[in-house]
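*Asks:* Okay, here's what each chain looks like letter by letter:
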Amino acid sequence: EPEVTQTPSHQVTQMGQEVILRCVPISNHLYFYWYRQILGQKVEFLVSFYNNEISEKSEIFDDQFSVERPDGSNFTLKIRSTKLEDSAMYFCASSGLRWWEAFFGQGTRLTVV
Amino acid sequence: GESVGLHLPTLSVQEGDNSIINCAYSNSASDYFIWYKQESGKGPQFIIDIRSNMDKRQGQRVTVLLNKTVKHLSLQIAATQPGDSAVYFCAENTRGSNYKLTFGKGTLLTVNP
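Line order of the protein sequences matches chains A and B.
For the first sequence, the numbering used here gives the first residue as 7, with consecutive numbering after it.
For the second sequence, the numbering used here gives the first residue as 67, with consecutive numbering after it.
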C-alpha cells in the first residue's frame with residue numbers, strides 16, 4: 007500500500023540553526039501539505055501546495071518557513087532559524103482528487119534546544 | 067480563530083460496546099467534515115467524511131452524523147475493538163480556503179478488554 011514517508015524521524019537542533027524536513031508523498035497525488043502537532047495538542051495546518059506553488063499558508067508559516075518540491079518526488083519544509091517554540095511533531099501529507107482525504111506520514115519530531 | 071472543538075477529551079468503553087465521539091463546530095461555511103484517527107506514534111489517518119448537504123453517512127463499522135441546526139458532528143463506532151483505541155479528531159475544510167483542514171482538539175478513545 008502506498009504511503010507517505012518522512013525523514014528523519016527525530017531531529018534535534020540548536021536554536022537559530024536551519025533544519026530541513028523531508029517527505030516523499032504518494033506518487034500520483036496532487037496536493038501536498040505540512041501540518042504540525044505540539045505534544046498532546048491538536049494538529050495545526052501550516053501550508054498547502056498544489057501545481058508547484060503554495061496554495062495557502064497559516065499565520066504560523068512566516069518568513070522563516072519555506073517549502074520546495076525540487077524534483078517531482080520529494081517535498082521539503084525548511085525552517086531557516088529555529089526557535090524553541092518550533093519544537094513539535096511535523097507531519098507531511100498528500101492527497102489526490104479528494105483533497106480533504108489526506109494521507110499523513112509518520113512525522114518528524116523536531117526538538118529545538 | 068478556532069472553529070472546531072470537542073465536547074469530551076476522553077472516552078473509555080468496553081470491547082464490543084458502541085462508541086460515540088462528539089464534535090462541535092462553529093463555521094457554517096464548511097463543505098466537508100472529516101474524522102481522522104491518530105494512533106500513538108503515528109500520523110492521522112482518514113476514517114470517513116460527510117458533505118455539508120448530508121446528515122448521515124455510513125462506512126464499515128462507522129457512522130458519521132451531521133446536525134447543522136446545532137452545528138454538531140458525531141462519529142459512531144459499532145462493536146468497538148481494542149484496535150480502535152486512538153485519538154479521534156474531527157476536521158473541516160472551509161469554503162474559500164485553499165486545501166486547508168482545520169482540526170479539532172481530539173478525543174482519546176480507550177477500549178477496555
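Among these hints, one or two may not hold up.
With a straight-line Cα cutoff of 30 angstroms, these simulated BS3-like cross-link-like pairs (lysine-lysine) come out [what the hints assert, rightly or not]:
1. B:Lys122 x B:Lys171
2. B:Lys134 x A:Lys48
3. B:Lys137 x B:Lys171
4. A:Lys63 x B:Lys171
5. B:Lys108 x A:Lys89
6. A:Lys84 x B:Lys171
7. A:Lys48 x B:Lys171
8. B:Lys108 x A:Lys48
9. B:Lys103 x A:Lys84
10. B:Lys137 x A:Lys84
11. B:Lys108 x A:Lys63
12. B:Lys122 x A:Lys84
13. B:Lys103 x A:Lys48
14. B:Lys134 x A:Lys63
Chain B regions said to be covered by chain A (calculated; three or more residues, Cβ under 8 angstroms) [stated by the list, open to error]:
15. 108 to 122
16. 128 to 141
Calculated from the structure, these hints are not laboratory results.
Beta carbons are placed, not taken as given, at the ideal position from N, Cα and C, and that holds for glycine.
*Asks:* Against this structure, judge whether each hint is valid.
*Replies:* We went through each hint and held it up to the structure:
no.: 1; hint: B:Lys122 x B:Lys171; in the structure: 22 angstroms, holds
no.: 2; hint: B:Lys134 x A:Lys48; in the structure: 23 angstroms, holds
no.: 3; hint: B:Lys137 x B:Lys171; in the structure: 16 angstroms, holds
no.: 4; hint: A:Lys63 x B:Lys171; in the structure: 20 angstroms, holds
no.: 5; hint: B:Lys108 x A:Lys89; in the structure: 24 angstroms, holds
no.: 6; hint: A:Lys84 x B:Lys171; in the structure: 26 angstroms, holds
no.: 7; hint: A:Lys48 x B:Lys171; in the structure: 5 angstroms, holds
no.: 8; hint: B:Lys108 x A:Lys48; in the structure: 14 angstroms, holds
no.: 9; hint: B:Lys103 x A:Lys84; in the structure: 27 angstroms, holds
no.: 10; hint: B:Lys137 x A:Lys84; in the structure: 37 angstroms, violated
no.: 11; hint: B:Lys108 x A:Lys63; in the structure: 24 angstroms, holds
no.: 12; hint: B:Lys122 x A:Lys84; in the structure: 41 angstroms, violated
no.: 13; hint: B:Lys103 x A:Lys48; in the structure: 12 angstroms, holds
no.: 14; hint: B:Lys134 x A:Lys63; in the structure: 28 angstroms, holds
no.: 15; hint: 108 to 122; in the structure: holds (count 6)
no.: 16; hint: 128 to 141; in the structure: violated (count 0)
Of the hints listed earlier, those the structure fails to meet are numbers 10, 12, 16, in rising order.
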